[in-house]
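Q: Since the structure of chain A is provided, determine the placement of chain D on it from the hints.
Taken in sequence, the protein lines are chains A and D. Under the working numbering, the letters of the first sequence match residues 1 to 612, in that order. Under the working numbering, the letters of the second sequence match residues 1 to 178, in that order.
No lab work stands behind these hints: they were computed from the structure. Worth double-checking, as some hints may not be accurate.
Dumping the calculated DSSO-like pairs for lysine-lysine here, alpha-carbon to alpha-carbon at most 30 Å [unchecked claim]:
no., chain 1, residue 1, chain 2, residue 2
1, D, K69, A, K160
2, A, K457, A, K491
3, D, K69, A, K491
4, A, K478, A, K592
5, A, K478, A, K491
6, A, K455, A, K520
7, D, K25, D, K8
8, D, K8, A, K475
9, A, K475, D, K69
10, A, K475, A, K427
11, A, K427, A, K520
12, A, K457, A, K478
13, A, K160, A, K14
14, D, K12, A, K478
15, A, K160, D, K8
16, A, K14, A, K198
17, A, K475, A, K491
18, D, K69, D, K25
19, A, K478, A, K520
20, A, K160, D, K12
21, A, K478, D, K8
22, A, K491, A, K592
23, A, K475, A, K457
24, A, K478, D, K169
25, A, K478, D, K25
26, A, K520, A, K491
27, D, K69, A, K14
28, D, K12, A, K427
29, D, K169, A, K160
30, D, K25, A, K160
31, D, K8, D, K169
32, D, K12, A, K475
33, A, K457, D, K8
34, A, K198, D, K8
35, D, K69, D, K8
With beta-carbon atoms standing in for the labels, derived distance ranges [unchecked claim]:
no., chain 1, residue 1, chain 2, residue 2, range
36, A, D275, D, V53, 43 to 51 Å
37, A, F588, D, Q116, 34 to 42 Å
38, D, A161, A, D417, 31 to 39 Å
39, D, A161, A, G484, 36 to 44 Å
40, A, G484, D, S54, 44 to 52 Å
Positions of the beta carbon are idealized from the N, C-alpha and C atoms, including for glycine.
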Amino acid sequence: MGPIESAIEQANCKATDATRRQIWQDVAGRLRPSQAARQPQGGDCLWRVLMKTRFVKPAIAAVVLIAALAVGVETFRPGKAAKTHAFSAEVRANTALDLDPRAAIPLRQARPEDFDVTWDGENGGTLRIMPGSSLRLSTPSWPEPEWDDVVGWAHSILAKMQESTATSVSARENRFAAILTSEGNLAVVQIGDYDESKARLQWQVESTALPGYGPVQVVTLACVDPNKPSAQPCAIDFDTGRTIVIPSQALALAPEGFLSWLEQNGIDAIARISDEGGCLAGVGLVLQTWEPGLWAAIPALGIRDAMTRVSYQSRDPILFREGQYQFIHPFKTREGGMGILQMRGMDRSGQTVQFRYRMVLEDAPAGIEGEIQDDAESLQLLQSAEWLNRLGRSLLIYANQNEDRLPESLEIRELADSEEQYQWMVKDVEYVGAGVTCAQSPSLVVAYDRTLLAKGKGTNVLFLDSHIEFVGPEKFAKYGLSGGVESVMQKNAERDRHDRSQSYLDRLGRSLRIYGNQNKDRLPQSLEEIRQRIGREDRYQWIVENVEYLGAGLMFSQSPSLVVAYDRTLLATGRGTYVLFLDSHVEFIEPKRLSQYDLSGEPQNAPVTPPK
Amino acid sequence: MIEDELLKLRFKLGSEDALRRIYEKYLDYLLSVAMAFLNDAPASEDIVHDVFVSLAQMARQFQLRGNLKHYLATCVANRARDRLRAGKRHGDRLAAGAGPEPQAEPPEETLICAEQTQRVYDALAQLPDEQREVIVLRIKAGMKFRQIAEMQDASFVAVQARYRRGIDKLRSILNGRL
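Isolated chain D (complex conformation):
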């Protein structure tokens, strides 16, 4: 906490070291959050890249009173949501196994995921977007239902219901596979 406060302060003062430390501290975490949303390594890398680039560009104007980790996770969530919506408009699908078109050469590996982790991402990908978002923000980002409700512009009760339904569905998908 204190480290994050110092990092925020130093970053605001233009310290590249501070940005570097934020980057090193949160890169893998944000990639995990993005993967939980998208289940697509290149797309996850893209949005985390964009989040850090925007952060770097706003250095001196950076104003954040709250939690740095929540802030970054929310940035990833917002971009992931935009990408999912854009994907839907273009008829893409998120579900496991519905990856990009086969290419002449396999794309370079960008992320390293354990087998069980990949199973969890595949299962999350089968949830409706809203349920997945609540679950990821709640568990991976540690956000409160109240904050998620504001983000999704839904009631507290609706968000809790989405969470419960999502967990139930995950339980049935992952039954005995963990």
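The following block holds chain A by itself, in its conformation from the complex:
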């Protein structure tokens, strides 16, 4: 790279702090309303989740009882399930309230540091944090804030709340406040009806601690067999870690009754044998499927963030994929517990499945770094993906400096960031990018991890557009991975040919549409008339050589499903072809559907009839 290019690359500017804050305020403000609009009514609200948690109900009951006894508080009750707040109470002037929550007391009696807020009549009614305490208060600055938006905002400013110097909020100016409580929790408070002597507060309390993982649990469950009740546990409640034996009476129930029995017993998943092998079947479990290597890479915070807003309860079983890397599954139980799970094995003779899981804990002792545990298989997958990613970047730089052409081999030391990576590239990577240029299809395979491939359980693949994908054995054939380098290169050539066909027909469609707009909806008699519109000469030549044009005499006002052009070279291979229709869409037509469009491999010179 020359000095000019380097100077441009290094010409960077930086936003001032004010600009940075200002833009973010606006951006975050746009995100929150759209999230609020997406929320089902009361769907994910904390209160509903809390109320579903068996441990919280007694605690709430205790709180209500204590609060009812407290002086100065007329009512203290949990919010209704349909509302988004967790607690509500009426607080009178000169009364202090503990948001965490525990109780309320008259301010005159005592001012212990446990108490968080007070109410007084200043400025028509003002909520204050207790003076001289470690409490912090912030208020949202945008007009007409809504509950969900404020909760999201409160979490986003958590780190900066320590710097806040505000100590009160006047109800006339703002009805919301985020408060760091005396116990280090985050309370989002809404002021309801108020006057100088009292106010109704509604609030939600959330932990501010970063979540961590609990210990990894490895569990073996017997598969449920309705005809043969097992004395071994067949089911698990992830929230408590309890494994459960399903009694024969429950197995004899009708399906609805059985499901109801599982739910009543807090069961989150049962082991069973499906048509595809041993699996876990979720009971009201919210599930996702992520790539295998991520077991060692995803922090608990990532799982919590990913699963918080997901509510679709998957009916797909979690399969043990024999001889393959096992996917990881972030999950959320009916009671709101979250974790990740990975199948580990299946014993066909003993009819058992084994899996491992770990729960996300809000108050886990270890930090995020501590969560990544030594897991050789996951780490190997992750390391391979990371190095392939770096290789992709290096190949791109190489191509930039070499007329968009990838190197002939990987034996170029500069392609690696370290000696260790270079040795890995030479030893473990199969490179198929020789002769490939960046102008080709971005989905071409450039390199893959042959050591992982040799295990037959899947491998990481680097594509021309630099993205990395984990490819399981079920997709080996798609990329030609099981047939060695020649097979991969052959598949690359096919994919490149297909992408080119699709892209050029698409371009032809747009050129025809422009021609039609300027010629009373008429299509040109020959492609020569739109030669200039097609743009590049090499593209035009390719189209002339490979495409059969059938649009002469057609009008755009005719049936949109009329065939305008197709790739005759692909058609001749007998494995289907790309077709451009009158509505300008391009579609790959498989051999069995070709007859619908009167495409038989012979060039057509007359307009083709719509599909039968």
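A: Then chain D, alone, in the frame of chain A:
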């Protein structure tokens, strides 16, 4: 890469933290790209603001298989091109020294640029739009000539020629000043 993939995933699931991380990670980079196109700090701030706002608004519908950095740089490039065209219609000029009309009070500083960086932006501003776009997308956004050719609806060869001519011109403008 993996971080960007996770960010994309988390952002799609509606995580504000993910958006915040994307914002923090790419704000300065995108401002630099925008400045390279426009050489106008308030205008650059505006388009980067718009790019992030659009991103925030599309959270759940966000579908991106490719590279997040390229995607954001392309968004900035498209908006910068629109602004340049609009500017031309209104007779504005991009060249160094032809900034906005003097105001009663100087505008608040929004970006911090080193002196040499400003020299590079001034030099880029003297290039024809198409040459500048190729150079910025190629060097700052790391895009391939093929991708730029598709963006500009030009041939691969034409894009390469624009790049070479632009670099030559920059060399003569910046001769000995770097």
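Q: Sort out whether A:K491 lies within 30 Å of A:K457, counting only the CA atoms.
A: Roughly 20 Å separates the two Cα atoms, so the pair holds.
Q: For A:K457 and D:K8, compute the direct alpha-carbon distance and say whether it is at most 30 Å.
A: 27 Å, holds
Q: Hinted pair, alpha-carbon criterion (30 Å max): A:K455, A:K520. Please report holds or violated.
A: This hinted pair is violated, its Cα atoms lying about 62 Å apart.
Q: Given the proposed pairing of D:K25 with A:K160, does the C-alpha separation stay at or below 30 Å?
A: 19 Å, holds
Q: A:D275 and D:V53, beta-carbon distance inside 43 to 51 Å?
A: 49 Å, holds
Q: Would you check the hint for D:K12 and A:K427, treating anything up to 30 Å between C-alpha atoms as holding?
A: 37 Å, violated
Q: A:K478 and A:K592: Cα distance at most 30 Å?
A: With Cα atoms ~20 Å apart, A:K478 and A:K592 stay inside 30 Å; holds.
Q: For a C-alpha distance cap of 30 Å, please report whether D:K12 and A:K475 respect it.
A: 26 Å, holds
Q: Please work out if A:K478 and A:K491 have their alpha carbons no farther apart than 30 Å.
A: Distance of about 8 Å is within 30 Å: holds.
Q: Would the hint linking D:K169 and A:K160 be met if the CA-CA limit is 30 Å?
A: Roughly 48 Å between the alpha carbons, so the hint for D:K169 and A:K160 is violated.
Q: Please work out if A:K160 and A:K14 have their alpha carbons no farther apart than 30 Å.
A: The given pair, whose Cα atoms are some 21 Å apart, holds under the 30 Å limit.
Q: Measure nothing beyond the straight line between the CA atoms of A:K457 and A:K478; if it is 30 Å or shorter, mark the hint as holding.
A: 15 Å, holds
When held up to the earlier numbered hints, the structure conflicts with 6, 11, 16, 19, 24, 25, 26, 28, 29, 31, 34, 37 and fits the remainder.
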